[in-house]
Amino acid sequence: MRARYFAKRFAAKEAFVKAQGTGFSQGIIMKDIEIYSDVRGKPYIAVRKDFISKDYKIHLSLSDDGDYATAFVIICG
1 MRARYFAKRF
11 AAKEAFVKAQ
21 GTGFSQGIIM
31 KDIEIYSDVR
41 GKPYIAVRKD
51 FISKDYKIHL
61 SLSDDGDYAT
71 AFVIICG
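Numbering (UniProt numbering), first residue to last: 1 to 77.
Since the hints were derived computationally from the structure, they do not count as laboratory data. Only true hints are included.
In silico BS3-like cross-links for lysine-lysine, where the CA-CA straight-line distance does not exceed 30 angstroms:
1) K18 <-> K8
2) K18 <-> K49
3) K31 <-> K8
4) K42 <-> K54
5) K18 <-> K42
6) K18 <-> K57
7) K57 <-> K42
8) K54 <-> K31
9) K42 <-> K8
10) K57 <-> K31
11) K42 <-> K31
12) K8 <-> K49
13) K54 <-> K8
14) K8 <-> K57
15) K18 <-> K31
16) K31 <-> K49
17) K18 <-> K54
Pairwise CB distance ranges (calculated):
18) S37 <-> G66: 16 to 26 angstroms
19) I74 <-> G41: 12 to 22 angstroms
20) R4 <-> A46: 18 to 28 angstroms
21) R2 <-> S53: 26 to 36 angstroms
22) G21 <-> S61: 10 to 20 angstroms
We put the CB at the ideal spot given by N, CA and C, even for glycine.
Generate the whole structure from the sequences, applying the supplied hints.
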(Lines of atoms letter the chains of each structure in order from A; the text may use other names.)
(Lines give C-alpha, C1' and ligand atoms only; values in the text may rest on other atoms or scores of the structure.)
Protein backbone atom coordinates (compact mmCIF):
# COMPACT_ATOMS: atom_id res chain seq x y z
CA MET A 1 0.00 0.00 0.00
CA ARG A 2 2.82 2.42 0.83
CA ALA A 3 4.48 1.71 -2.52
CA ARG A 4 1.30 2.75 -4.36
CA TYR A 5 1.20 6.01 -2.40
CA PHE A 6 4.75 6.92 -3.43
CA ALA A 7 4.32 5.65 -7.00
CA LYS A 8 1.32 7.95 -7.53
CA ARG A 9 3.22 10.94 -6.19
CA PHE A 10 6.21 10.18 -8.41
CA ALA A 11 3.86 9.88 -11.40
CA ALA A 12 2.27 13.23 -10.46
CA LYS A 13 5.63 14.99 -10.45
CA GLU A 14 6.51 13.50 -13.84
CA ALA A 15 3.11 14.46 -15.23
CA PHE A 16 3.49 18.03 -13.96
CA VAL A 17 6.83 18.70 -15.66
CA LYS A 18 5.56 17.09 -18.86
CA ALA A 19 2.39 19.20 -18.81
CA GLN A 20 4.59 22.24 -18.29
CA GLY A 21 6.56 21.21 -21.36
CA THR A 22 10.02 21.33 -19.80
CA GLY A 23 10.68 18.01 -18.13
CA PHE A 24 13.32 18.10 -15.44
CA SER A 25 15.73 19.99 -17.70
CA GLN A 26 15.01 23.60 -16.70
CA GLY A 27 16.42 23.61 -13.18
CA ILE A 28 13.41 22.06 -11.48
CA ILE A 29 14.04 18.97 -9.36
CA MET A 30 11.73 16.44 -7.68
CA LYS A 31 12.01 18.21 -4.32
CA ASP A 32 10.62 21.42 -5.86
CA ILE A 33 7.25 19.72 -6.45
CA GLU A 34 5.09 18.59 -3.56
CA ILE A 35 1.88 16.57 -3.70
CA TYR A 36 -0.76 17.08 -1.01
CA SER A 37 -4.40 16.17 -0.42
CA ASP A 38 -7.06 18.58 0.78
CA VAL A 39 -9.51 17.77 3.59
CA ARG A 40 -11.74 15.88 1.13
CA GLY A 41 -8.83 13.83 -0.21
CA LYS A 42 -8.49 15.70 -3.51
CA PRO A 43 -4.83 15.78 -4.56
CA TYR A 44 -3.12 19.02 -5.48
CA ILE A 45 0.36 20.20 -6.44
CA ALA A 46 2.46 22.81 -4.66
CA VAL A 47 5.53 24.01 -6.54
CA ARG A 48 8.50 25.62 -4.82
CA LYS A 49 10.25 28.60 -6.37
CA ASP A 50 8.82 30.38 -9.38
CA PHE A 51 8.55 27.53 -11.86
CA ILE A 52 4.97 28.37 -12.75
CA SER A 53 2.94 31.57 -12.58
CA LYS A 54 0.44 31.79 -9.74
CA ASP A 55 -2.14 32.74 -12.40
CA TYR A 56 -2.20 29.14 -13.65
CA LYS A 57 -4.63 26.56 -12.27
CA ILE A 58 -3.20 23.04 -11.94
CA HIS A 59 -5.59 20.08 -12.06
CA LEU A 60 -4.30 16.71 -10.82
CA SER A 61 -5.80 13.25 -10.97
CA LEU A 62 -4.14 10.19 -9.40
CA SER A 63 -5.05 6.54 -9.80
CA ASP A 64 -3.63 3.08 -9.27
CA ASP A 65 -4.59 -0.45 -10.23
CA GLY A 66 -2.52 -3.39 -9.11
CA ASP A 67 1.11 -2.69 -9.94
CA TYR A 68 0.38 0.45 -11.97
CA ALA A 69 0.12 4.08 -10.92
CA THR A 70 -1.00 6.92 -13.16
CA ALA A 71 -1.26 10.68 -12.87
CA PHE A 72 -2.78 13.26 -15.16
CA VAL A 73 -2.00 16.97 -14.92
CA ILE A 74 -3.76 19.76 -16.76
CA ILE A 75 -2.42 23.30 -16.48
CA CYS A 76 -4.89 26.07 -17.35
CA GLY A 77 -3.92 29.68 -17.67
